[in-house]
Amino acid sequence: MSRACRTGDHALIVESHFQKPMANSFALPGHPGVVATRPLEPDARLAAVSPGMAVRVVAVSQDREVAAWLRAVGLSEGAEVTVLRRAPFGGPIHIRTSDGGEFAVHRDLARSVTIAASRAPESDRGPRGRIA
Amino acid sequence: MTAQARVEESPRDVAPRPSIAPMIALVGRPNSGKSSLYNALTGGEARVGNFPGVTVDILEARIALKDGTAAVVADLPGFYSLEAVVDPATDEGIARNFLGQATAEGRGLVVAQVIDATQLALGLRLTQELKARRERLLVIVTQRDVLDREGRTLDVRALEKAIGTRVVLVSARDAASRDVVLDAVTATLRAEETSEGVDLPRWDPSTLAKRVLSDAPTVSAEAARRRTFTSRADGVLLHTVLGPVLFLALMAIVFAAVFLVADPVTSFFDACVGKLRAMLEQTLGTGLLTSFLSDGIVAGAGTVLAFVPQVTILTVAMEVLDASGYLARGAFLLDRVLRLLGLSGRSFLPLLMGHACAIPAISSTRIIRDPRERLTTMLVLPLMTCSARLPTYALILSTFFAAHGAWFKAAMFVGLYFTGILSGLVASLVMRRTATKGRSLPLLLEMPAYRMPQWSVVARKGWQSARRFVVDVGRMIVVVAAVLWVLLKVPAPGALDTAPRGGPPIEHSVAAALGHHLEPVTMPLGFDWRIDVGLIGSFGAREVMVGTMGVIFGIEDASENPSPLSQRIRNATRPDGSPAYSVRSALALLAFFVFACQCMSTVAAIRRETKTWRWPLFVLGYTYGIAYLAALLIYQLGGALHLG
Chain A
250 MSRACRTGDH ALIVESHFQK PMANSFALPG HPGVVATRPL EPDARLAAVS PGMAVRVVAV
310 SQDREVAAWL RAVGLSEGAE VTVLRRAPFG GPIHIRTSDG GEFAVHRDLA RSVTIAASRA
370 PESDRGPRGR IA
Chain B
1441 MTAQARVEES PRDVAPRPSI APMIALVGRP NSGKSSLYNA LTGGEARVGN FPGVTVDILE
1501 ARIALKDGTA AVVADLPGFY SLEAVVDPAT DEGIARNFLG QATAEGRGLV VAQVIDATQL
1561 ALGLRLTQEL KARRERLLVI VTQRDVLDRE GRTLDVRALE KAIGTRVVLV SARDAASRDV
1621 VLDAVTATLR AEETSEGVDL PRWDPSTLAK RVLSDAPTVS AEAARRRTFT SRADGVLLHT
1681 VLGPVLFLAL MAIVFAAVFL VADPVTSFFD ACVGKLRAML EQTLGTGLLT SFLSDGIVAG
1741 AGTVLAFVPQ VTILTVAMEV LDASGYLARG AFLLDRVLRL LGLSGRSFLP LLMGHACAIP
1801 AISSTRIIRD PRERLTTMLV LPLMTCSARL PTYALILSTF FAAHGAWFKA AMFVGLYFTG
1861 ILSGLVASLV MRRTATKGRS LPLLLEMPAY RMPQWSVVAR KGWQSARRFV VDVGRMIVVV
1921 AAVLWVLLKV PAPGALDTAP RGGPPIEHSV AAALGHHLEP VTMPLGFDWR IDVGLIGSFG
1981 AREVMVGTMG VIFGIEDASE NPSPLSQRIR NATRPDGSPA YSVRSALALL AFFVFACQCM
2041 STVAAIRRET KTWRWPLFVL GYTYGIAYLA ALLIYQLGGA LHLG
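Protein chains in written order, with our numbering: chain A, 250 to 381; chain B, 1441 to 2084.
Bound conformation, chain B alone (with noise of 0.2 angstroms):
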């Protein structure tokens, strides 16, 4: 069928393209049992579907139907409504713009509405929605072991009956349902559109499904385990006073496990990507070629490879909160803090997980369901006192307050923590009535039946996240690290003639040249050439500020062994020979890091969540600006008062 033609007809009376393989949309509330499904269906293979238009990830896999023909499952989002769409952002206009999109393209279209057995009512209600607008629509009622363990049964030919759609009753951890699904489906796609002509739904969704979901004749030992395991469960994890303790100490140990296991992993990784630039070392000489490749290339990568150990353990942490029904309780405990700073319970765990490293964090925001909320938690988290600004901080305290005692140092990491998520606080309070102001989702969260995970999901989405940030965000890291290195070891033309000779080849690189540049408006910091050049290498990555520095001052290994750097730099001199450095602009400089977003990964990563330049630039622009401005606020007060 050529184009023309199918502009000509209405799209509801193509026929499916035979070139188009046909689809199964998965939809369902949230906590349905999508998931399970998804992975029954397609043996836990998937990949990210590229849907014009779509900001969210939408899985989809290819499946052989059981006549031998191809078609595609696509794993929408969980949503509650098609026809109340508060914004088109959530999750709702999502799977609506992407239905509709799916119509519009005239390929064989099965919406397969997933609805858990034990909340019957409540899918019925999106089934009402779905009938209404027409769609080819197959319901698929999971969770029947429950209903076989508690001694219930559904009237599935009653149920098909009053809602004039075919369903099938399935448990999702079973590995036949995945043939009777795939049964129904092709009856489905081979089915005359029933629809057509119908009248709209006219049922009442609680109504039928008290008629049609029996009751168990005796309330069996099971069911009652079941109905007050949850209730229990809430009475202790939910407790004015145990709740919020168990949370907290839940979330301390999703933290460790981020350092702690991934540390190891790292550091496996680190030693592998150390035994690659040895060898490349070794076969190519120590020309500039090597040095592209080993600094700036494998470095690059080795970066991306540290972060996946952390990136993983958080996405599974995640899942298996999320799974277990446990994180709406965390929402559920901490949502007045959070409200006061214009946020929810749900962004609480990645902006604690911000502390170890946002690039994970900034993954988990998905679990937050309201677009603007999610947006301004990925906004505010490079603010977080993530671990990359520790040896810094370190540097810097161990070379200007190398007086003051250990108590004082202590005193000040915590000062700069705390400056890191006061600053965060009120930038969210700001962003949320200037740059991500508007409606919020209607302060209602649901609160699912504890159940345990499904480990091959929680595995699947571990896999997933992994593959994701070495693809997506581990491309723009390696072309960063690439450019840094060209402006850090590259000789600047004309630079070889008037910098002193002898010094270290990093002075007359193009990026000791921009440093000077920069000089005049960094005067006002504190910050000479050199700061100015450990500011231009810590761009992409904060950590390396401290080797950079070494670098720059001839120490070698300085981010193994820092004292002889902090030597250097006191010691370090203007040209007219006075001290290059004083307290304040020590002070300056960690005004400076607490702010700046030095890490592009960051920036790559919101880039691969908001799928735009815009937010990712904003970033880099209001923390560079805040930077800025608190450092300088801080020299100049220090000016006034005379210190150091």
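One chain only, chain A, in its complex shape (with noise of 0.2 angstroms):
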């Protein structure tokens, strides 16, 4: 299966969940939030990352100086990512970093994250880290 095949029907479950994670999910830091438990294929993209999951950026396949600047902003390997939303109409995904930083990423890069499952421990997802 090529892999924009199966980013599409990651897309479609995705829609299908949309609504209900986001809906209650205000917890409090430290609050024990559910880590998404879905099994992650390997070589999995941070685009087709249901919202409300948590994970773990493994490479960006960016050329050096785009990963550079990625790296500075603050999404480069090893940084722990909580996929909080996407937009309408198949626009960005809105994340948020370990780090405290809240992203907008654009679909086509979020294409060329590869990520893992998270490996942090509950209290290390960010400082107002909620999870669905």
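A couple of the hints might just be wrong.
[Stated by the list, open to error] Heads up, simulated SDA-like pairs for lysine to any residue below, C-alpha to C-alpha not over 25 angstroms straight-line:
no. : chain 1 : residue 1 : chain 2 : residue 2
1   : B       : K1877     : A       : V315
2   : B       : K1877     : A       : S361
3   : B       : K1650     : A       : R368
4   : B       : K1601     : A       : G349
5   : B       : K1650     : A       : R360
6   : B       : K1877     : A       : R360
7   : B       : K1650     : A       : V306
[To be verified] Cβ-Cβ distance ranges computed for the label pairs, FRET-style:
no. : chain 1 : residue 1 : chain 2 : residue 2 : range
8   : A       : G327      : B       : A1875     : 36 to 42 angstroms
9   : A       : A365      : B       : R1574     : 25 to 31 angstroms
10  : A       : A365      : B       : V1701     : 23 to 29 angstroms
11  : B       : A1673     : A       : G327      : 26 to 32 angstroms
It is worth saying that the hints were derived from the structure and are not from the lab. Just so it is clear, CB atoms sit at the ideal spot from N, CA and C, and this is done for glycine as well.
Put the two chains together into one complex; each comes in its own frame, and the hints tell you how they fit.
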């Protein structure tokens, strides 16, 4: 199965789950949240992560200058990232990094970010770390 | 020290020249609170610094240090990195260039990095880069009040020790912070360069931030409130359905404010200019000089003033939206739609505002971080249907489509608006692949926490934009107004002999002579010399089209009451007695007005923002080119279809 096709499938799943996880997800910091348990495929991309999931960035496949810029902004290998929501019409993805930054990441960029299951302990998932 | 000596030594070893005051360069990530700190240090005073090769405004102000010596504070654009520069025109590239030049000048330079205490780890990444560059560095951590309220503490000593740099913790909204920062600046200036010989930083920003920043002993109510407020607000403002609706509603309010609030102020300025012109006529009589001063210079200055309220209101609105953190949300919501056109969510607001007036919209493109996208937005803005086109549209519609009902005219108006939008989108799509093609910034946008804008900063930005507009754009508008006055009012050599006697003086003008010369070029569009004169007159500002046509057809005050003018235009004949204009020449003229950038103020504003003549001339060229082709196509197609 091609990657594009797989991403498409995920997008469908995500749309149908979009409203519910966000509706009542205002847990306080340190409050036990629920890490989404949907298994991640190997070589999964940030673009396919459902809202509410916490993941770890494994690689960013962009050219060197762009990757360096992304690292400076706060998105690079090793970063713990929580996906908060997706913009309507297949727009950008709203994420929060463990350093406390929140970003809108365009789909094309999110497709170049390889992720794996989060390793960080619960308390490390960002200062406002709530997980749906 | 002589210049010769400076060249021989490496710039690093040069002692600060006494003639140049040391510079405090404020740097930091976007939204790090730099503007607030700048305001606190300078009291809001600012002038646009003159730095060669820098294409954005870098504000600077002179301040007195505690020991009485002067220093210059420069407010650099917010940036994330100095090492990773994707494009020299981005804020990153500008900052790197600026710091490089300041170092080369050999002046005392303190790089004061502003870090938001609530995002310490992110800020420390930049600190690491600045350390690696061996800048004389001072770290100013702001938002102390937020930490205090949350019961958290920052171990300043431990942080200083870890990064080997002086650190101060302040709150930019606190008056005492100015002294704290200035003391630290003086100390940093006096200190030997400690970074020499020190190992390059090996600390990890995230780990260090966790180590020096204590968590609250218990989560206070305040901390919980702040931490959840942004999440809670985002839950509503970024909601799939509600989010875009609220965004559009907010944009409608801003748009209405630009129109409605600016209107009374503009009329007031209008009245003042009218009084001044009347006074001129009373004191100087009604000679050619009075006309030049009154119709040329003062009227031109009036045009400048008329735009000032709009420019100011829009700047203030943008600043409030940006500083509150909402602008990034709007960009997030609309990004997808605008990506289709090679733009991003940040372009939406300028493009919308272009429908009121392109001039404030062009300065508002400063919110677009990507330089190519910003340029593209500026280049297509003149195609949006600004309010100055409406009088001409109304005149043409009521002249040639009077027989059709109000609904028909309304539909025509809507069609004209959409033609403008559509052509702008097509133009941006084409430009992103041709004139402005190139790599864009990575598609990542920071979403800052919601925050109350600091009103003194907002007021300063509003005041600056008004002043900048009057000084930079205004000068050019007045010059063009003067030139057009000469064209329209001064008799052409020999014209008095050839033109028919008794006609209005405009028939003997240079513009009329030009109009006659242009006739062969515009005949295929259905325009005769009279419309050509109108087009020459409206080259500077399209809103004068109706008034100019009124003068040509000998109607006073055509702008206030255009119906006698409509009558005259309908009855106008060619020298052979056939009707001069038809429905298809009317449609061709409409098309011309949709596309042509008949607005020197817009051209001046683009020149102001791009700091080159290349792009304003490009805009003139491409819009007039399309305008001509569209009018030609419509007139000729209309002829083939036996229309009117």
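Take the C-alpha atoms of K1650(B) and R368(A), compute the straight-line distance between them, and say whether it is at most 25 angstroms.
17 angstroms, holds
Please check whether A365(A) and R1574(B) have a Cβ separation lying inside 25 to 31 angstroms.
At 37 angstroms between Cβs, range violated.
Pair hint K1601(B) and G349(A), alpha-carbon separation not exceeding 25 angstroms
23 angstroms, holds
Cβ distance range 26 to 32 angstroms for A1673(B) and G327(A), holds or violated:
Given a distance of about 30 angstroms, which is inside 26 to 32 angstroms, the answer is holds.
Between K1650(B) and R360(A), does the CA-CA distance stay at or below 25 angstroms?
Between K1650(B) and R360(A) the Cα gap is close to 30 angstroms, so the pair fails against 25 angstroms, i.e. violated.
For K1877(B) and R360(A), compute the direct alpha-carbon distance and say whether it is at most 25 angstroms.
With Cα atoms ~23 angstroms apart, K1877(B) and R360(A) stay inside 25 angstroms; holds.
Against the 25 angstroms threshold, does the CA-CA distance of K1650(B) and V306(A) hold or violate the hint?
Cα-Cα ~20 angstroms, so holds.
Against the range 23 to 29 angstroms, how does the distance between the Cβ atoms of A365(A) and V1701(B) compare: consistent or not?
The hint (23 to 29 angstroms, Cβ to Cβ) is violated, given that A365(A) and V1701(B) are roughly 53 angstroms apart.
Restraint check for K1877(B) with V315(A), where alpha carbons must lie at most 25 angstroms apart
Between K1877(B) and V315(A) the Cα gap is close to 17 angstroms, so the pair holds against 25 angstroms.
If you check the beta carbons of G327(A) and A1875(B), does the distance land in 36 to 42 angstroms?
Because 40 angstroms falls inside the window, the suggested range holds.
Compare the distance between the alpha carbons of K1877(B) and S361(A) with 25 angstroms, and conclude whether the hinted pair is satisfied.
OK: K1877(B) and S361(A) at ~22 angstroms, within 25 angstroms.
In summary, the structure is inconsistent with hints 5, 9, 10 from the numbered list given earlier, while agreeing with the others.
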